[in-house]
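All residue numbers for the sequence shown refer to the numbering used here, where the first residue is 37 and numbers rise by one.
Hints are computed from structural coordinates only; laboratory data are not their basis.
This structure is a prediction, so every number in the text was calculated from the model and none was measured.
Glycine is no exception: its CB is placed at the ideal position from the N, C-alpha and C atoms.
Do not take every clue at face value.
Ranges of calculated distance between the beta carbons of each label pair, as one might list FRET restraints [to be verified]: (1) E326 with T50: 18 to 24 Å; (2) E675 with S243: 49 to 55 Å; (3) P639 with S694: 58 to 64 Å; (4) F653 with E326: 41 to 47 Å; (5) A338 with D99: 16 to 22 Å; (6) A627 with A606: 27 to 33 Å; (7) F361 with A627: 40 to 46 Å; (8) G509 with D437: 52 to 58 Å; (9) S694 with A627: 24 to 30 Å; (10) D369 with Q342: 29 to 35 Å; (11) H217 with G509: 30 to 36 Å; (12) G430 with D666: 41 to 47 Å; (13) A320 with D244: 35 to 41 Å.
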Amino acid sequence: MTGARLAGTDADGTLESLAIDVVRGLAMDAPHAARSGHQGTAMALAPLAHVLWTRILTYDAGDPAWPDRDRFILSAGHASILLYSMLHLTGHGLSLDDLRDFRQWGSATPGHPEVGCTAGVEVTTGPLGQGLANAVGMAIAERNLRARFGADLCDHRTFVVCGDGDLAEGISHEAASLAGHQGLGRLVAVYDDNHVTIDGPTELALSDDAAARFRAYGWHVLELGEAAEDLDAIENAFHEAMAVEERPSLVVLRSHIGHPSPDVDSSAVHGYSLTSDGITETKARMGLPEDDAFWVPDDVLALYRQAGRRGADARTDWEQRLDQFTGDRAAWDAAQAGRGVAGWADALPTWEAGTAVATRKAGNACIQALLDVVPGLLGGGADLTGNTGTTILGHGVQSLDCPEGRQLFFGVREHAMGAICNGLALHGGMLPVNGTFLVFSDYMRGAVRLAALSAARTVFVWSHDSVGVGEDGPTHQPVEHAAALRAIPDLPVFRPADANETAGVWRHIVETDGPAALLLTRQDVPVLSGTDDYRAVARGGYVLAEPDSGPDVILIGTGSEVAVALDAAATLTAAGRSVRVVSMPCTEVFAAQDDAYRAAVLPPGVPTVSVEAGVTFGWACWADRSVGIDRFGASAPGERVMAELGITATAVVEAAESLLTV
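Full structure from sequences and hints, please.
As structure tokens, this is what we get:
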């Protein structure tokens, strides 16, 4: 399908020129209606978008979620009106009224593209550099699925448009470096080199030679120069890039932001500078009706609607190949759903109570056990693969030479790792897991937040989850991190008490949607009695130890501190107190339970004490007293640090007694 000219396109390009100017008109009109938005980049890139949607991309607007479509990502998400205009024109379901409703409450055209909100939007973009890293993940996903299931089911490309801001952000360096190392030949990026930022010319703060930098990363680079209006030159560049199978390609395009408006090449037109007079003048220059906002003539609409269905035959052929597929259809379907094959949960390991296992090691045992029964599972760590329990053995190391490999070595690239995994997840067919130390979740928070916002099924494994890390000291000892991650909406943060709870959490992850975070111990922790009930673990909090009579006090623990709570309960019980111990592996999941269940676990009026080796912030909604660490840690053996900072059964007993003697 790629490269075929549309039937009925005029030989001299008049209709195509008009179509591009119509897109530019929409790029001015929608922000003007909203009194907010970014006009200039969308105007400058209208010819690029036209070439992509009419000559290059293989897609079917009638089925925007067709698994073997080409993926398009607008990493420069501030130019969202360009994407929305093309989705409307090609028939993805957006109406002109949706464009008129740009940036308004409840609209399908929010300020920056949001996956799940608008058909045809592949990822949520706007925070610069994220989309480029997402595209790397999508390219890895395509290659891996093609290698494992064959080109009959998976044979497409990933295209991404980025700008100066994307390439200035550090995440783009991480992602581009890994993409070059991986040799992702089906990844094509366009660099919109317009020399303008919000503050002014890019030269105020940027003098990089982007082409040289990407060549050094191992990319194939095409420098088109002043070709932003040359449709054939743009098309030819795409075809040249698409012919390179062993390296990703960067097409450098010198555009003029805001062209052909009177504000061309100004920092003002990066945002919303063209109001009534400027729009009128610009439309006059293009020969468009000056007073007709959102003008789309029938012949232009017909041109783009034809383009929108140019991939329909390819989609139909793909569906027939899927029906005739003689490979492992159950594995394909499970991968596409992000689930396991029939009976998958039986593969999860269990541990005997009384043994001692670090939860990071238990987590690795779960991953290894699931690889054969959860076909989409793949991933690794940011140079901490073994340390975090994200080692994958026996399934190959992802590379150009081993595209089917399911072990991904990300190197020291935490931020890109998170965003690449979001791209893997949002591509479909993948359930990516990534790992680093909990303290370094700070380095990847932007990607974590977008995973939650996008409902991407990315599994974040953060090990070394407390001051129990020990001798590395406060730079490597997380204290505020669990609370900070719990503050992100729609991100369930699991801190399992032991190995069996870790397995229960993994079962919950595979069976549910959205992202998940696992906070796991470096140190061995005891395997406890009663933690092997998956149904209880899946409710986020449950009664682990119950007294013979109604409780006088309830102790709530997470992670390694559940054992501390049990030790404290034994001391209190010996002193005549009636004590319930609650394990709360996930406060967010527990909070989502019905009132009756929460009240059954934490009855109103019964005093409660929480214990967690981290800041006490956030525990006031569940506990009357909190034993925690509201300071940075210290360099010493982990057990000594825990003791010195008060994470002890004695401290929990004292907190409980302080409530009972009031």
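Structure-based check of all given hints:
{"no.": "1", "hint": "E326 with T50: 18 to 24 Å", "result": "holds, 20 Å"}
{"no.": "2", "hint": "E675 with S243: 49 to 55 Å", "result": "holds, 52 Å"}
{"no.": "3", "hint": "P639 with S694: 58 to 64 Å", "result": "violated, 20 Å"}
{"no.": "4", "hint": "F653 with E326: 41 to 47 Å", "result": "violated, 57 Å"}
{"no.": "5", "hint": "A338 with D99: 16 to 22 Å", "result": "holds, 20 Å"}
{"no.": "6", "hint": "A627 with A606: 27 to 33 Å", "result": "holds, 29 Å"}
{"no.": "7", "hint": "F361 with A627: 40 to 46 Å", "result": "holds, 43 Å"}
{"no.": "8", "hint": "G509 with D437: 52 to 58 Å", "result": "violated, 40 Å"}
{"no.": "9", "hint": "S694 with A627: 24 to 30 Å", "result": "holds, 26 Å"}
{"no.": "10", "hint": "D369 with Q342: 29 to 35 Å", "result": "holds, 33 Å"}
{"no.": "11", "hint": "H217 with G509: 30 to 36 Å", "result": "holds, 32 Å"}
{"no.": "12", "hint": "G430 with D666: 41 to 47 Å", "result": "holds, 44 Å"}
{"no.": "13", "hint": "A320 with D244: 35 to 41 Å", "result": "holds, 38 Å"}
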